[in-house]
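> Each chain, written out:
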Amino acid sequence: MYLGRVVGTCVATQRSPGLEGVRLLVVEPVDGSGRVTGAPFVAADTVSAGPGELVFLVGAREAALAMEVPFVPVDAAIVGLVDEVHLADGARGFLRGRDDVPGAP
Amino acid sequence: MKVARVVGTVTATVHQASYDGQTLLLCAPVDASGKVVGEQFVAVDRAQAGVGDTVLINAEGGGARLVFGRKLTDALAIQDVIVGVVDAFDEG
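Protein sequence lines, in the order shown, are assigned to chains A and B.
Here this note's numbering = 1-based position in the first sequence + 1055.
Here this note's numbering = 1-based position in the second sequence + 2.
No wet-lab data here; the hints were simulated from the structure.
Built from N, CA and C at the ideal position, the CB exists for glycine as well.
A few of these clues could be false.
[Stated by the list, open to error] Here are the computed lysine to any residue pairs in the SDA-like style, where the Cα-Cα straight-line distance is at most 25 Å:
| # | chain 1 | residue 1 | chain 2 | residue 2 |
| --- | --- | --- | --- | --- |
| 1 | B | 37 | A | 1090 |
| 2 | B | 73 | A | 1070 |
| 3 | B | 73 | A | 1145 |
| 4 | B | 73 | A | 1094 |
| 5 | B | 73 | A | 1090 |
| 6 | B | 73 | A | 1124 |
| 7 | B | 4 | A | 1124 |
| 8 | B | 4 | A | 1091 |
| 9 | B | 37 | A | 1145 |
| 10 | B | 37 | A | 1116 |
| 11 | B | 4 | A | 1116 |
| 12 | B | 73 | B | 62 |
| 13 | B | 37 | A | 1119 |
| 14 | B | 37 | A | 1062 |
[As the list claims (entries may be wrong)] Which residues of chain B face chain A? A partial, calculated answer using Cβ under 10 Å:
| # | residue |
| --- | --- |
| 15 | 11 |
| 16 | 20 |
| 17 | 30 |
| 18 | 39 |
| 19 | 41 |
| 20 | 79 |
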């Protein structure tokens, strides 16, 4: 599992069977301090994540198992909304309600 | 299995049912010298690990299902599980 930040949505009208009604979001992988660690990708949403939100995801076969209808062609699924990341070095990580709203103090 | 260091805790109140009651820790893969060698990931703790500990990670879903006493066909959406706290580790 890994952390990510929702940066957009993906619209795809023509889909493989089993993917009907699945919400697709664009996510970029981040580390505990919010630094982007890779290229953005599309993930299926199972927890109603919103734009800008810090989430955690599962990959591979387990992503398909996380879906309401399991065993669908999905290889990344958002499985949790992150409220807080507390880092070992004492640095404050992410705090939900403060860091997910652009421009908030 | 991977060796990693626990670098933080993750709180996620809204999550998939598979994660009910589980502790999530943020981990960074390390080598024998303790140097971070990859990107951070989130793992479910099943070995009472704490921040700063070097831990052993089962990084694959089939093994994770066994750790949780589930059948291999069960729909458990968990991959990385902390299955041990490492006391010593060296590369020969």
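> Name the hints, by number, that the structure is in violation of.
Those not satisfied are hints 2, 3, 4, 5, 7, 10, 13, 14, 18.
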